[in-house]
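K.L.:
What follows is each chain in one-letter form.
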Amino acid sequence: MKKDDNIENEVGIVLNKKVGNFVENGEEIAYIHANSMDKAKKAVEQLVKIYEIE
Amino acid sequence: MNIKDIIAKKRDGQSLNKNEINFFINEYTKGNITDYQASALIMAIYINGMTKEETTNLTLAMAYSGDVLDLSELGSVVDKHSTGGVGDKVTLTLAPIIASLGIPVAKMSGRGLGYTGGTIDKLESIPGYRTDIPEKEFIENVKKIGISLIGQTLNLAPADKKIYALRNATSTTDSVPLIASSIMSKKIASGANKIVLDVTYGSGAFMKTREEAEMLANAMIEIGRIANRETVSAITSMEEPLGKCIGNTLEVIEAVKFLNGDMEEDVKQVVLELGSNMIKLAGKGNDLDENKEMMLQSIKSGKALEKFKQLVENQYGDVSYIEDIDKFKKAKYIIPVYSCKKRNSKKSKCRSCRKIVCIFRCRKNEER
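Those protein sequence lines, which keep their order, are chains A and B. Taking my numbering, the leading residue of the first sequence gets 1, the next gets one more, and so forth. Taking my numbering, the leading residue of the second sequence gets 1, the next gets one more, and so forth.
Note that these hints are calculated values from the structure, not bench results. Do not take every clue at face value.
[Said to hold, decoys possible] Pairs of lysine-lysine, BS3-like flavour, derived with a Cα cap of 25 Å:
#1 B:Lys309 with B:Lys292
#2 B:Lys329 with A:Lys42
#3 A:Lys41 with B:Lys292
#4 B:Lys208 with A:Lys49
#5 B:Lys329 with A:Lys39
#6 B:Lys284 with B:Lys300
#7 B:Lys330 with A:Lys42
#8 B:Lys332 with A:Lys49
#9 A:Lys39 with B:Lys332
Just so we're clear, the structure is a prediction, and the values are computed from it rather than from any experiment.
Just chain A, same shape as in the assembly (with noise of 0.2 Å):
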């Protein structure tokens, strides 16, 4: 077993929306790829806070 194999590759965020582009209410600004909800659940709620709409 490598020293790695407990990385979860897999976890991360695809961006729906950059600098720039045009938001509606309510629609998806990103993706929070996650293996726990409790993870997914701060992701998100941090990803809210970076994310500045005027």
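With chain A fixed as given, assemble chain B onto it according to the hints.
P.N.:
Chain B only, in chain A's frame:
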């Protein structure tokens, strides 16, 4: 020679000569100079700066503080370095394109530093891919198929590693001579004799403004000139992650799509900019626009993707994943994030994005 005198000299704003710099690096690497003495000297450098000659001497001393990869039998090897950012899948796409044009790519890449995965972490998400092959096999691969990407199996620039750790702990990271010498020492130790740099600036990068990025780029170009390693630099804005994907597997998938011709505009711009300069340094074309066209042709004809598949296969990776990206393991949950206001989505701040990736990268067995 005595470290106290060297510290005092730099503290008083004088320049250090080559012997003094070599003494510091050699003795610090061996452990004969303490961390607190090294910290004091680094702080003095931070405050008083360094001349071009000092910066170059520091670079070379660090580069030769450990193993130096000898790529001379491959001819002139052009390396590229990006000062980084989130979602940086540039190496994954650029390396096979360059190799498909007959320019050797021999690259030892680092792992991610804290937040994001490095190129090596990304490649290891391809089942079977080995990043730890011996140096001999690495060089044989480049001779055989023109490309090899591996992790740092050698002890490259150990002095840089020690100083990097000190800088992190002593608020001395953002100093141009210290950043420039750190980057260039690693490039020289990994055998590059021609170097294309990508210095990024913006909220997602080390350098916050274009002016700062230019200063850093110029410092590295000067080191390259004095150390006889031809160096050019692109300067690119990094206000948000490159492309759409962040995460090891997700970025490999995005890179494969790119090589299939499905290119995100921002990734495409950076890859073409760096690649056209690499081709020029390799002596395969002086006109940057024509070089970009050559790269696009290589993608269009499928040669670049073919080269990537060869790379994966040659390093024991399962190439069927590259042929069918749906085979990659997916995360259990895919959760959409919804907007709650109208208008333009402004800056997605990379720094915080990094933190999110960090939450994910925690190992499974550390979950509580």
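K.L.:
If you check each hint against the structure, which ones fail?
P.N.:
When the structure is compared with the hints, only number 3 turns out to be violated.
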